[in-house]
Structures are given as C-alpha cells and as structure tokens.
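Engineer: Listed here are the chains, written in short residue letters.
Protein chains: 2
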Amino acid sequence: MSETKTMSNETKRGTNYSHYNGGSLAEWAEHKMMHPRRGEVKGKHFLKDHLDFTGCEISINSLPVGGAMPFSHQHKENEEVYIFIKGKGQMQVDHEVIDVCEGSIVRIAPNGLRTWRNTGDEPMVSICVQVRENSLRQHTFEDGIPNMDPIKWPE
Amino acid sequence: MSETKTMSNETKRGTNYSHYNGGSLAEWAEHKMMHPRRGEVKGKHFLKDHLDFTGCEISINSLPVGGAMPFSHQHKENEEVYIFIKGKGQMQVDHEVIDVCEGSIVRIAPNGLRTWRNTGDEPMVSICVQVRENSLRQHTFEDGIPNMDPIKWPE
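For the record, the sequence lines run as chains A and B.
In our numbering, each residue's number is its place in the first sequence (first place is 1) plus 7.
In our numbering, each residue's number is its place in the second sequence (first place is 1) plus 7.
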C-alpha cells in the first residue's frame with residue numbers, strides 16, 4: 008500500500024463502534040506524526056482521534072533497524088502496555104534492560120523511566136496502550152453480558 | 008515452541024514494570040483458558056493476571072480457519088478495542104457487518120452487540136483491549152514527562 012493510501016484511510020462510524028484501518032504491519036513504518044519536541048517522526052501513529060477512544064490511547068509503531076528512542080520518559084497518571092508483535096529489541100525501565108521479541112508484553116507504571124531500541128535486523132513493530140492507572144473496576148467475564156440469540160452471517 | 012514452553016512462561020517483575028512473553032503469533036493458537044459457559048477454549052489468553060494491569064484487561068487471540076464466536080456479547084461499563092494483526096475476517100456490531108484484516112482496529116462501546124468470525128485461509132490473530140469507558144483523563148504528550156539524561160545501553 009502506498010503512503011497516499013495509508014494517509015487516505017478514513018474512519019467508519021456506527022452507533023456503537025468506530026472502525027479504522029492502520030495498514031499492514033509493513034506499512035506502519037510509513038505513518039508520520041508531529042512530535043512536540045522532535046518535529047516530524049515516522050513510524051508512530053496515535054489512534055485516539057481516529058477511533059474515538061474514551062478509555063485509552065493506542066499507538067501503532069514501527070521502529071527501523073538500528074533505531075532507538077532519543078530520550079526516556081515517565082508518565083503523570085497513565086499506565087502503559089507495550090505489545091511487541093514483530094522483530095526484537097530492548098526496553099530499559101529505571102535503567103534495567105529487558106530483552107523483547109515477538110509476543111513480549113511489558114506493563115510500565117507511571118513512575119517507570121522508560122526507553123527502547125531495535126536490536127534486530129528488521130523493523131521492530133509494537134502496539135502501545137495508554138490507560139489511567141487503577142481505572143479498571145471490573146474485567147473480562149464480570150463485565151460481559153452474553154447474548155444467545157442465533158447469529159446470522161451473510162453468505 | 009511447544010505448548011509446554013508456552014505454559015512455562017513466567018512473569019518477570021521490577022519496581023515499576025511487569026514483563027511476560029505470550030509466545031510468537033503462531034503460538035497464540037495454543038493458549039488455553041477456562042470459559043465460564045464454554046468450558047476449555049483454545050486460542051484465547053487473558054493477560055491481566057500475568058502482567059498486573061490496573062487500567063485494562065488485554066487478551067491475545069488466534070481464531071482458527073473457519074472459526075466463529077458461538078454467541079454475541081455486550082459489556083456493562085467497558086469499552087473494547089479489537090486490533091487485528093494477521094489474517095482476515097468479519098465483525099458484527101448491532102448486526103452490521105464489518106470486514107477486517109491485518110491493521111484493522113475496531114472500537115466498540117459497551118452497549119454494542121458484538122461477534123466475529125475468521126473468513127480467511129489462515130488463523131485470524133488479534134489483540135483485544137478492555138478499558139472502562141470515559142476513564143482516560145489525559146493522554147499522549149499531555150501525560151508524558153520527558154527525561155533528557157543521556158541513555159546508556161550495554162554493548
């Protein structure tokens with residue numbers, strides 16, 4: 008998919024949903040954003056405004072071979088979860104190094120000082136979820152309401 | 008990776024983080040869980056207890072070729088976000104069909120009646136994030152605290 012196609016993705020909204028396509032994992036490298044301190048950054052794409060999230064921010068990320076975050080950061084009140092889905096690299100939390108690869112998931116409390124880098128030979132692709140610490144009151148099946156009406160799918 | 012290895016994954020905890028490896032995307036199909044109505048379900052793995060999340064629940068999921076959820080569900084107070092990272096399929100929200108593929112992201116409000124199926128010729132791999140609706144107060148750079156100290160990585 009060309010960058011033009013990535014940029015022309017539009018959100019489709021229904022009464023109870025929003026749907027947006029961020030492109031294939033290979034295409035996540037082409038997204039661009041304006042960072043308040045770093046200027047234009049490639050390979051990082053925040054989704055909240057595209058999907059109308061009210062309980063989280065999520066970014067889809069592709070860090071090139073040899074890439075590293077140029078600084079560390081903490082958070083004020085948000086917990087972050089990094090889900091690595093392709094490639095390999097390292098995170099640092101409070102100067103402790105954690106090796107990560109496809110399937111690694113890292114939760115970081117607001118106060119954790121964090122940074123990361125790609126140590127592999129392909130883009131390091133990840134999803135970062137940002138939520139307010141201690142905001143979840145119930146989860147999984149406690150919060151679900153099953154509906155046993157028959158499901159009809161189009162042919 | 009064998010199922011034994013998947014099952015022996017352990018959480019590593021530091022002061023401000025938890026780290027857990029859910030296995031490669033191909034291995035997500037091997038996870039098992041006990042569902043309160045369906046009994047043992049394969050290919051669905053909830054992460055909250057492994058990673059000590061306080062603001063979200065996240066599951067990693069692999070639905071086999073031809074697979075479909077046997078019922079629909081709504082939520083009481085939680086927003087859900089489905090991130091599709093491999094394969095293709097369809098979601099239904101309030102009986103409206105949405106085609107999804109690698110890179111599709113769907114936010115569903117608590118009241119949305121949802122179900123999904125795999126319509127492709129490979130496992131449909133997804134991540135589902137559950138958060139409390141309207142719980143996020145600030146996000147992205149508003150919540151970040153940059154730290155410009157030099158970063159040291161091991162050789």
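Do not take every clue at face value.
[What the hints assert, rightly or not] Short, incomplete list of chain B residues facing chain A, as computed with Cβ under 7 Å:
#	residue
1	GLU17
2	THR18
3	PRO43
4	GLU47
5	GLY74
6	ASN85
7	ILE112
8	VAL113
9	ASN118
10	LEU120
11	SER142
12	LEU143
13	PHE148
14	ILE152
[Claimed, not checked] So these bits of chain B aren't anywhere near chain A, every CB distance computed over 10 Å:
#	residue
15	GLY62
16	PRO77
17	GLU129
18	PRO161
[Unchecked claim] Here are the simulated distance ranges between beta carbons:
#	chain 1	residue 1	chain 2	residue 2	range
19	A	ASN154	B	LYS19	30 to 40 Å
20	B	PRO77	A	ARG144	22 to 32 Å
21	B	LYS159	A	VAL72	38 to 48 Å
If you are wondering where the hints come from, they were derived from the structure by calculation, not from laboratory data.
As the structure is a computational prediction, the values presented were derived from the model and not from experiment.
Virtual Cβ for every residue (Gly too), placed ideally from N, Cα, C.
Engineer: A separate judgement is required for each hint: does it hold in the structure or not?
Structural biologist: Hints versus structure:
1. GLU17: 13 Å, violated
2. THR18: At about 10 Å, which exceeds the 7 Å cut-off, the nearest Cβ of chain A leaves the hint on B/THR18 violated.
3. PRO43: Since the shortest Cβ distance to chain A is 5 Å, the answer is holds.
4. GLU47: 15 Å, violated
5. GLY74: 12 Å, violated
6. ASN85: 5 Å, holds
7. ILE112: 5 Å, holds
8. VAL113: 5 Å, holds
9. ASN118: 5 Å, holds
10. LEU120: 6 Å, holds
11. SER142: Check passed: Cβ of B/SER142 comes within 4 Å of chain A, closer than 7 Å.
12. LEU143: Since the shortest Cβ distance to chain A is 5 Å, the answer is holds.
13. PHE148: Given a least distance of 5 Å, the restraint on B/PHE148 holds.
14. ILE152: Holds, about 4 Å.
15. GLY62: 3 Å, violated
16. PRO77: 8 Å, violated
17. GLU129: 14 Å, holds
18. PRO161: 6 Å, violated
19. A/ASN154 / B/LYS19: 30 to 40 Å: Roughly 39 Å apart at Cβ, these two residues keep to the hinted range, so it holds.
20. B/PRO77 / A/ARG144: 22 to 32 Å: At roughly 28 Å between Cβ atoms, A/ARG144 and B/PRO77 fall inside 22 to 32 Å, so the hint holds.
21. B/LYS159 / A/VAL72: 38 to 48 Å: 21 Å, violated
Checked against the numbered hints given earlier, this structure breaks hints 1, 2, 4, 5, 15, 16, 18 and 21; the rest are met.
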